[in-house]
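Protein chains in written order, with my numbering: chain X, 1 to 366; chain H, 1 to 366; chain B, 1 to 366; chain Z, 1 to 366.
There may be inaccurate statements among the hints.
Note that identical chains are pooled: a pair holds if it fits in a single copy or bridges any two copies.
[As the list claims (entries may be wrong)] Derived DSS-like pairs (lysine-lysine); straight-line CA-CA distance at most 30 Å:
(1) K20 with K359
(2) K98 with K183
(3) K98 with K359
(4) K51 with K148
FYI, nobody ran anything at the bench for these hints, they're computed from the structure.
Number of protein chains: 4
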Amino acid sequence: MSGVWGEFLKLSIFGESHGKCIGIVINGLPAGLELDLHHIQKELGRRAPGKSQLATARQEDDAFEIVSGYLNNRTTGAPLSVLIWNKDQHSRDYEEIKDIMRPGHADFTARNKFAGFNDYRGGGHFSGRLTAPLVLAGAIGKQILSQKGIVIGSHILRIGNIEDTRFNPVNADPEKLLAMSDKPFPVISEGQGQLMQEHILQAKMEQDSVGGIVEAAIVGLPAGIGSPFFDSVESKLAHLLFSIPAVKGVEFGTGFAVSGMRGSEANDEFTLGNGEVRTMTNHCGGIQGGITNGMPLIFRTAFKPTPSIARGQRTVDIVRMEEVEIHIQGRHDPCIVPRAVPVVEAVAAIALLDMIIEKDGSSWKI
Amino acid sequence: MSGVWGEFLKLSIFGESHGKCIGIVINGLPAGLELDLHHIQKELGRRAPGKSQLATARQEDDAFEIVSGYLNNRTTGAPLSVLIWNKDQHSRDYEEIKDIMRPGHADFTARNKFAGFNDYRGGGHFSGRLTAPLVLAGAIGKQILSQKGIVIGSHILRIGNIEDTRFNPVNADPEKLLAMSDKPFPVISEGQGQLMQEHILQAKMEQDSVGGIVEAAIVGLPAGIGSPFFDSVESKLAHLLFSIPAVKGVEFGTGFAVSGMRGSEANDEFTLGNGEVRTMTNHCGGIQGGITNGMPLIFRTAFKPTPSIARGQRTVDIVRMEEVEIHIQGRHDPCIVPRAVPVVEAVAAIALLDMIIEKDGSSWKI
Amino acid sequence: MSGVWGEFLKLSIFGESHGKCIGIVINGLPAGLELDLHHIQKELGRRAPGKSQLATARQEDDAFEIVSGYLNNRTTGAPLSVLIWNKDQHSRDYEEIKDIMRPGHADFTARNKFAGFNDYRGGGHFSGRLTAPLVLAGAIGKQILSQKGIVIGSHILRIGNIEDTRFNPVNADPEKLLAMSDKPFPVISEGQGQLMQEHILQAKMEQDSVGGIVEAAIVGLPAGIGSPFFDSVESKLAHLLFSIPAVKGVEFGTGFAVSGMRGSEANDEFTLGNGEVRTMTNHCGGIQGGITNGMPLIFRTAFKPTPSIARGQRTVDIVRMEEVEIHIQGRHDPCIVPRAVPVVEAVAAIALLDMIIEKDGSSWKI
Amino acid sequence: MSGVWGEFLKLSIFGESHGKCIGIVINGLPAGLELDLHHIQKELGRRAPGKSQLATARQEDDAFEIVSGYLNNRTTGAPLSVLIWNKDQHSRDYEEIKDIMRPGHADFTARNKFAGFNDYRGGGHFSGRLTAPLVLAGAIGKQILSQKGIVIGSHILRIGNIEDTRFNPVNADPEKLLAMSDKPFPVISEGQGQLMQEHILQAKMEQDSVGGIVEAAIVGLPAGIGSPFFDSVESKLAHLLFSIPAVKGVEFGTGFAVSGMRGSEANDEFTLGNGEVRTMTNHCGGIQGGITNGMPLIFRTAFKPTPSIARGQRTVDIVRMEEVEIHIQGRHDPCIVPRAVPVVEAVAAIALLDMIIEKDGSSWKI
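Construct all of the structure, not just a fragment, from the sequences and the given hints.
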């Protein structure tokens, strides 16, 4: 396996939930970039647990330490490495159940892949905690994109059967997109948001968990980013989105629903507005032939419910090879979706930055 | 842009719809593999147009010519290169409309990406015709997988609002999966299939087109293939699936629907059967933590309707910068989905073979 | 194995000496480039055999056919694929000796790597003939570099013990460098060149072969191309140079000899000339810390003698496992070096273009 | 730029000479490997400064800290990350001369590449200190190779004009190779070694430095490792060797000298010994067609003299754009070669391990 991703912007992630630290090495950033450390911390904070009843009570402040590639408050062009030290681990929780395969977790598959030598404590390297370095890289990516006028925003589109209003795919407002990132529970319709939160707390009370869908929009992208086939915007984005633990579906534009339409309805007709070519609808989600067309890039990501639930579940003890019942202890999120929102945005920023560097080169001015 | 994909199995595709030929170079195949050329041709035939009223009337027999890496009916270990020569081109159809951006096509984005130098004839390199080399590589991949007891099958799950029965995610039958590939219109319920075909012909009569969803199942995979994060089974598969033109959504297992479930319902509980660890349900689609668990791998791929329709559509002439109406001439598929079925299977075979080579090395015996 | 090279400019080569064709797919070229086909053919001609007594009498005109990525005399931005069809093969020469390992050839190692399935005819994929596609890609690379004021030239520095004058490392003249490519036997001192040619013919008469050294100089490079460590100019260039069959040594600047110097002598002191930073000497060959410094890039490549010689040699029959004597029939080069000169230049052009695209991006104007 | 290398074994290095730490992330190691931490520290010790008059007086104990991928004394299969914290920095030494380009250093080229934002203290990311992580990865590589019966050894072949005896290319003794790594100044002939050391001390006394050549031999390699062309053993090894700061030449087998031979002399004739195919000579250095032939792999690496010397040197102040004289203060190695020996061995181990994983896969047993 490899924790390395990217062609033009290259990331290398590492670490385990209960190890010394987690971290990331980012290759290919332009030199001379002044990082907004406050913004990075804020983005990490959006992902961090322990802030509300909706999330795990574990306290992880996710303070980060830049250890290379940064001098006098600017990137040097050399690999930028960042560490996030682990704290507040209850490793003992896992010792007793290390041979008992938790349903919905990677315990069984990791054991097969790594011949039983994988770090089993808290999911080890498979932990959702590894998304913190991605959020960090994404925060840097967002900062660069922002300087180019590109804005990313997302909201919780669905929890259980409760749906938020969708983004306007033709005319997404950058201000409103940005505002989403300040909300602890980002939704467009606060009423629906209230119902979603109640739904989560209800599941929590019942020792259960729920999943949901995140919808993201990116505006300000120029036409011409991406490629046909293997380096398409969809391919690169979906590759990273499916790297996020618990993601089981990704769709662009009208997505699965477009497959039920007629061509005459699904095709986005072109028009001229202020001398610019635009489309009247945006079923394609801002991407045609794998390349951006200048319209908002829209996609949705489906998350399964948190697999760690306190309820009894049937499973097997892999050493004794017998069926057992498991009651997962510990502090777990009844719903991972609110904390996943900044992760979705982060990988989108990373994928787009990679494609922009492909186009503009590594020595571009900011 | 790059037409190269893969880490352990490396593909390089090239060609244009109306150029001299299209082709592929496959790197990393084991030496000594006797190819079943008849099977390759059969797979290409499944994708080829001109066979029924449901598809374009263009005649492309897609005869292939192996030009390197093959001696005395066996792979040599050197790059295997295959050409498919183009015939039956009506390039003139495109000359007149080359400045008029076809809605739903890549004309506008390609023009932006390649500064207007892209081959505009029949979509050029963006054409769905480029999936023929993928089918070819996939046929080779299937042959190798088959020798390892791995079987891939797929069917048309939905056309318009007409749905076929789903595969049994826990107990997909390899024989039935294989049988699907012999059907010209692969569905489980022939009755629903009949309705789907009528729906397509209706759209065709109305100078329109329809989209649909393909569901695939892969059985016989051992547990332990894939990796967490960037090299997850979902990431690699989705990367290639979204490389297929017209794909707008991909989901694994229960997919988007799992996001509406409770954890107690979505978690696949483990059980022992015949001394083997299995799951009782298969909402995860055979993948946990990015790695196969030995259960059937299930995924669904959504295709938008064919963008080329004869109906009048509003668009712009990019040179004169004025709004115009376009009536697309030529012979086009009213629905691409039936021809897309073998493409979906092919990229799945390619992705899995890459991950199996990662595990077993390049010098494995067949 | 993989015939794919490159990060920003990606090449995929394929083919065998006695197969249908050899070829290359070039990914990452800018769109809109008008290729000088005459120049490409001229470069291929420099490498082609059959032109003098110094080389093999095989006739290979190496006519090339562009099959994709090129429209209306310009690159489209899509993968550029080129085929060179094989002719004039005496495959029968190899049938008899296919189990007898030719000394100095890859017969034995290829057999081990590919379990005996490698194409044994004329070296198969290991043949020096595979350098023709590299020369072709290099010719395109040179054309782009030339438009940026970068000139590559090289000469035969040594054959046997006969040495040519070296390039002036501080002040290499672009005109003189370019003039080298017009010479059938490129040397600075024609007298030494005459002696070298006599030395080669003498070896040929004695059914033997000789090796030699090629020296190359590249002028007009801006400072700042390349990277420290893994992507250093030396690493990328040496990687490709050692890909050329028969290369056994590569050195930059003063090379091995600099290891015998004192620091006070080897350090290239800086000076100002016309407001430009230059070095007074150029022992580093124009590269410091893996990055160009704006001075001429100088390197030398050592070629072993052609392994195919008519003289009797001791070897083994790998099937019968017995020692035998071999007399290699066929038409072989008594010295590969004159034909290797354009190959050295070609891979240098390819490596530099890759690093320039890294810096400037794929959408740069020409 | 990217600090990432490798296809099957993937390394990511980071850090600066005067930053917080340097480090490495190693991807693709098999799970379950028990590391010999004492051996790793010993290898780091061979590279570390401060141990004799021949080297800089800087004290760097290079203690390493594994922060991920390692549990209960075994690799987990997840990325293995290791940090080496920096100490004993005299950063102030560099503040005054940051605008003055040190001859022979990367100051000028780094400034051009990174628009002046590079870390200038002690060479920053360009520092030879970054070879410590490579030695660490190489120590792990050596441990794995050793379990497969593969042994790497090297010695100082030349300092100034003083030459050591060469390794026997046909019959290198694994015991003697291993013994080399225990010597503080590894040479075969102790008498020549004495002269070399005197030569270095003489240069030091004269405020100067010297270069030299390292020769390495690797025995126990099976035939069939490597590939033709881009993934040849020479290409992969040379790529990494030229990544080492100060390397200006690499040659395999008889190297540059083989270019002066006749084919009848340079060809390594095959023979049978104990039922095994061997060559009688080994001018090719154990590699034919880019693939190992089972004979000892032999190569030589040329290092330039340490560029930091106390003597006055002419250079330029890049800000004031005027010519100045520089006297480099600080504690520098009069000769880097003794400390470079383990680095050469390390990158060789890394390159070979990558190629062995390609052949055998990632899930091989140890």
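Copy assignment of K98 with K183, given that the CA separation must stay at most 30 Å: Neither: 38 Å inside a chain and 46 Å across chains, both beyond 30 Å.
Alpha-carbon proximity between K98 and K359, which holds within one copy, between copies, both or neither at 30 Å: between (47 Å within a copy, 25 Å between copies)
Homomeric proximity label, K20 with K359: Cα distance no greater than 30 Å: Between copies, since 28 Å is at most 30 Å while 38 Å is not.
Intra- versus inter-copy proximity for K148 and K51 (alpha-carbon distance at most 30 Å): neither (32 Å within a copy, 49 Å between copies)
In this structure, the hints that do not hold are numbers 2, 4, in rising order.
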